[in-house]
Amino acid sequence: MKNHKLKNVFREGAITTEFIANSIAKHQVKTSIGAHNIFLGQVRADEINAKKVAAIDYTAHEDMANHKFHEIREAAFLKFDLTCMHIYHSLGMVKSGEICLFVFVSSKRRKEVFPAIEFIVEEIKLKIPVFGKEIFEDQTHQWKVNS
Amino acid sequence: MKNHKLKNVFREGAITTEFIANSIAKHQVKTSIGAHNIFLGQVRADEINAKKVAAIDYTAHEDMANHKFHEIREAAFLKFDLTCMHIYHSLGMVKSGEICLFVFVSSKRRKEVFPAIEFIVEEIKLKIPVFGKEIFEDQTHQWKVNS
Amino acid sequence: MMITIKYFGLLAEVTGCRSEKMNFSCTTISDLKEILFQKHKVLKNKKFKIAQHNELNTDKTKVTSSEIALLPPFAGG
Amino acid sequence: MMITIKYFGLLAEVTGCRSEKMNFSCTTISDLKEILFQKHKVLKNKKFKIAQHNELNTDKTKVTSSEIALLPPFAGG
Numbered sequence: 456m457k458n459h460k461l462k463n464v465f466r467e468g469a470i471t472t473e474f475i476a477n478s479i480a481k482h483q484v485k486t487s488i489g490a491h492n493i494f495l496g497q498v499r500a501d502e503i504n505a506k507k508v509a510a511i512d513y514t515a516h517e518d519m520a521n522h523k524f525h526e527i528r529e530a531a532f533l534k535f536d537l538t539c540m541h542i543y544h545s546l547g548m549v550k551s552g553e554i555c556l557f558v559f560v561s562s563k564r565r566k567e568v569f570p571a572i573e574f575i576v577e578e579i580k581l582k583i584p585v586f587g588k589e590i591f592e593d594q595t596h597q598w599k600v601n602s
Numbered sequence: 456m457k458n459h460k461l462k463n464v465f466r467e468g469a470i471t472t473e474f475i476a477n478s479i480a481k482h483q484v485k486t487s488i489g490a491h492n493i494f495l496g497q498v499r500a501d502e503i504n505a506k507k508v509a510a511i512d513y514t515a516h517e518d519m520a521n522h523k524f525h526e527i528r529e530a531a532f533l534k535f536d537l538t539c540m541h542i543y544h545s546l547g548m549v550k551s552g553e554i555c556l557f558v559f560v561s562s563k564r565r566k567e568v569f570p571a572i573e574f575i576v577e578e579i580k581l582k583i584p585v586f587g588k589e590i591f592e593d594q595t596h597q598w599k600v601n602s
Numbered sequence: 019m020m021i022t023i024k025y026f027g028l029l030a031e032v033t034g035c036r037s038e039k040m041n042f043s044c045t046t047i048s049d050l051k052e053i054l055f056q057k058h059k060v061l062k063n064k065k066f067k068i069a070q071h072n073e074l075n076t077d078k079t080k081v082t083s084s085e086i087a088l089l090p091p092f093a094g095g
Numbered sequence: 019m020m021i022t023i024k025y026f027g028l029l030a031e032v033t034g035c036r037s038e039k040m041n042f043s044c045t046t047i048s049d050l051k052e053i054l055f056q057k058h059k060v061l062k063n064k065k066f067k068i069a070q071h072n073e074l075n076t077d078k079t080k081v082t083s084s085e086i087a088l089l090p091p092f093a094g095g
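Each protein sequence line maps, in turn, to chains A, B, C and D.
Counting with the working numbering, you get residues 456 to 602 for the letters of the first sequence.
Counting with the working numbering, you get residues 456 to 602 for the letters of the second sequence.
Counting with the working numbering, you get residues 19 to 95 for the letters of the third sequence.
Counting with the working numbering, you get residues 19 to 95 for the letters of the fourth sequence.
Please keep in mind that the hints were generated in silico from the structure rather than gathered at the bench.
Mixed in with the good hints there might be a few duds.
[To be verified] Here are the computed distance ranges between Cβ atoms for each label pair:
1) Cys539/A / Thr471/B: 40 to 46 Å
2) Cys35/D / Asp501/A: 19 to 25 Å
3) Thr82/D / Lys481/B: 38 to 44 Å
[As the list claims (entries may be wrong)] Here are the computed lysine-lysine pairs in the DSS-like style, where the Cα-Cα straight-line distance is at most 30 Å:
4) Lys566/B / Lys507/A
5) Lys39/D / Lys65/D
6) Lys582/A / Lys39/C
7) Lys24/C / Lys51/C
8) Lys460/A / Lys51/C
9) Lys80/C / Lys64/C
10) Lys481/B / Lys550/B
11) Lys563/A / Lys65/D
Ideal placement from N, C-alpha and C gives every residue a C-beta, glycine not left out.
If we strip away everything but chain A, and leave its shape as in the complex, we get (with noise of 0.2 Å):
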């Protein structure tokens, strides 16, 4: 296994395309690389009882939320034959249409990065302590539960 030390996963705000087309771009000098595999979680603007949801306001217990990224990376790395990931997620306010999570596996091979990117989002979903406060268009807000 290898050792990746500790990453802050978070960022303040929205993610946005240019650092996402960046991030690709850095991958380039890597040429052992033949397949990437990007998620992107998008703010949806659901209606909730006639009212629209017009953005997030993520918090996180960012401590322990950047270990479980940890453990996760490091699980998915050993399931998987990857040559990167990355993973970055929002805090703050993110509004409908813009992105939240950003999660990027590369590998040699294409048939690594399909189950990689589905586990490492399944496993955020599930482990990560991060809170969305679904702000509606009238700025009252309910309290997002992942499903």
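Starting from the known structure of chain A, arrange chains B, C and D on it as the hints suggest.
Okay, now just chains B, C and D, sitting in the frame of chain A:
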């Protein structure tokens, strides 16, 4: 079954990270989307008999390929609950480290995008008449075969 | 011993408190929950998990950290 | 009838030809292959599939299109 019109999937040369970023950005107005999954095929600098692949020169039976891409799209829309789907494939020279295939699916829910992206990529590998000439650094070549 | 209780998300909202210090002499998470339920009655009908040392605990886990986190349902991604 | 044979990838390279017209009076893909093998002996030990109307054919398929494509193994993605 939605009736989508036949699109030209091919693009001359490598698919740039700017193109990918733009494509993602265009989906930020579609606020019913909760999950995107992106597959990127990257040209590997494989070493074969001590010679390194410097680029792949792609050609295709374009008319048949676009028809087959269309069939794959329609089948994927029927099998999975997708909001959007985009496929782009390079023609001509793509250097090692550059991107030659970009598959992008979006859905309300994450559970749909994982099997959808794998289905589409496997179908492309199997059914699309695209041919790849692997150009080595010494300008000799061999013809790539999908595994 | 003196421990810090941290409340996250919905729990910070309903208790009106993100963090509080308390003197604690019991031994298990279950004991701690009883004390917290007395202090913040609103917690009784809320779903939450308790973590210390960055790990989730069960009711039987012993309290060994001076920092305890109360975590409402997760909503990452 | 006059048909156009299109060669792709490796097949264009080994036959030295991307497209050629020929007068064709037989009826099946199998017949056509025999003629092509005589003309381009190099094709005999190459793997390829034959398509017309944008669909792959078997040896028994009748030739109904004026354009026939010879496709070496696929390498998309």
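Structure-based check of each hint:
In this structure the hint that Cys539/A and Thr471/B lie 40 to 46 Å apart at CB is violated, the actual value being about 20 Å. About 59 Å separates the C-beta atoms of Cys35/D and Asp501/A, a value inconsistent with the hinted range of 19 to 25 Å. As the Cβ distance of Thr82/D to Lys481/B is approximately 42 Å, the hint placing it in 38 to 44 Å holds. The straight-line distance between the Cα atoms of Lys566/B and Lys507/A is roughly 23 Å, inside the 30 Å bound, and the hint therefore holds.
Taking the CA atoms of Lys39/D and Lys65/D, the gap is about 22 Å. The hint holds against a cut of 30 Å. For the hint linking Lys582/A to Lys39/C, the alpha-carbon distance of about 26 Å falls within 30 Å, and the restraint holds. With a CA separation close to 13 Å, the supplied pair Lys24/C and Lys51/C stays within the 30 Å bound. With a C-alpha separation of about 34 Å, the suggested pair Lys460/A and Lys51/C falls outside the 30 Å cut-off, and the hint is violated.
For the proposed pair Lys80/C and Lys64/C, the alpha carbon gap of about 22 Å is at most 30 Å, so the pair holds. Taking the CA atoms of Lys481/B and Lys550/B, the gap is about 27 Å. The hint holds against a cut of 30 Å. The hinted pair formed by Lys563/A and Lys65/D meets the criterion: a straight-line CA distance of about 26 Å does not exceed 30 Å.
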